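Q: Now for the letters of each chain:
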Amino acid sequence: DTGVSQDPRHKITKRGQNVTFRCDPISEHNRLYWYRQTLGQGPEFLTYFQNEAQLEKSRLLSDRFSAERPKGSFSTLEIQRTEQGDSAMYLCASSIGAGPNQPQHFGDGTRLSIL
Amino acid sequence: SQKIEQNSEALNIQEGKTATLTCNYTNYSPAYLQWYRQDPGRGPVFLLLIRENEKEKRKERLKVTFDTTLKQSLFHITASQPADSATYLCALNLDSGGGADGLTFGKGTHLIIQP
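These protein sequence lines are chains E and R, in that order.
Every letter in the first sequence is one number past the one before it in my numbering, and letter 21, counting from 1, is 210.
Every letter in the second sequence is one number past the one before it in my numbering, and letter 4, counting from 1, is 27.
Derived from the structure by calculation, the hints contain no laboratory data.
This one's a predicted model, so the numbers in the text were calculated from it and none came from an experiment.
You may find that some hints are simply not true.
[Stated by the list, open to error] What follows is a set of in silico ranges between Cβ atoms, one per label pair, in the way DEER data are often shown:
#1 PHE263/E with PRO138/R: 40 to 48 Å
#2 GLN243/E with LYS80/R: 31 to 39 Å
#3 PRO259/E with PRO138/R: 44 to 52 Å
#4 GLU38/R with ASP252/E: 45 to 53 Å
[Unchecked claim] Residues on chain E that point at chain R, a partial pick, calculated with CB under 10 Å:
#5 ARG220
#6 TRP223
#7 PRO232
#8 LEU235
#9 GLN239
Just so you know, even glycine gets a beta-carbon here, dropped at the ideal spot from N, CA and C.
Model the full structure from these sequences, guided by the hints.
A: Encoded structure:
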């Protein structure tokens with residue numbers, strides 16, 4: 190039984206570089222979410238998809254952040270012109286349906302470190 | 024503004040005792056509340072979901088209560104074991120039929136079960 194998979198697990202890059210993270214959700218899940226988590230905080234919601242449609246992006250932290258889910262399967266999160274403050278764990282989650290009564294299944298995240 | 028509060032300090036409990044964690048929220052009227060467990064370096068793992076019309080929900084050694092008058096949920100682990108040591112996160116869904124569908128998390132409570 191494969192869960193949510195994220196790649197890479199760790200990314201170290203210099204300030205100003207672009208980075209892209211990949212998330213493979215559980216195969217039958219049509220909802221996919223991205224969160225950011227900093228040390229000592231709970232995950233912070235960024236954006237989500239219903240199949241290939243991005244239904245909410247106002248929570249993305251700045252216009253340097255963008256996400257895609259081109260065929261309704263895997264998703265990518267890109268950060269352009271990275272800054273020190275972007276250092277965090279980026280988590281992906283998926284759920285089989287919509288609504289607040291659906292548990293979300295999380296991957297183990299990509300830890301981003303900006304030098 | 025909307026807010027979720029959890030004991031931000033670590034909670035130390037002796038093995039075999041019951042651990043009780045608190046989640047308080049303000050300015051919400053959630054229909055559902057979720058609890059997750061998170062281990063260091065890993066993504067959150069779903070534990071339990073409770074609806075507003077459910078006073079209590081159980082799963083093995085776990086019990087959750089939901090008091091919408093007090094705007095509080097309590098999470099209990101009975102017969103606690105060292106393997107229960109982790110951070111426990113309370114989460115609410117802001118979905119009101121047209122807005123974001125992501126979860127809003129508290130900061131989490133770090134639970135330590137001492138042998």
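Q: Hint by hint, say whether it matches the structure.
A: We went through each hint and held it up to the structure:
1. PHE263/E with PRO138/R: 40 to 48 Å: Because 42 Å falls inside the window, the suggested range holds.
2. GLN243/E with LYS80/R: 31 to 39 Å: holds, 33 Å
3. PRO259/E with PRO138/R: 44 to 52 Å: holds, 50 Å
4. GLU38/R with ASP252/E: 45 to 53 Å: Cβ of GLU38/R to Cβ of ASP252/E: about 50 Å, so the range 45 to 53 Å holds.
5. ARG220: With Cβ-Cβ at 7 Å, under 10 Å, it holds.
6. TRP223: Constraint on TRP223/E satisfied, holds at 9 Å.
7. PRO232: holds, 5 Å
8. LEU235: Holds: closest Cβ of chain R sits about 8 Å from LEU235/E, inside 10 Å.
9. GLN239: holds, 8 Å
Comparing the model with each numbered hint stated earlier shows that all of them hold.
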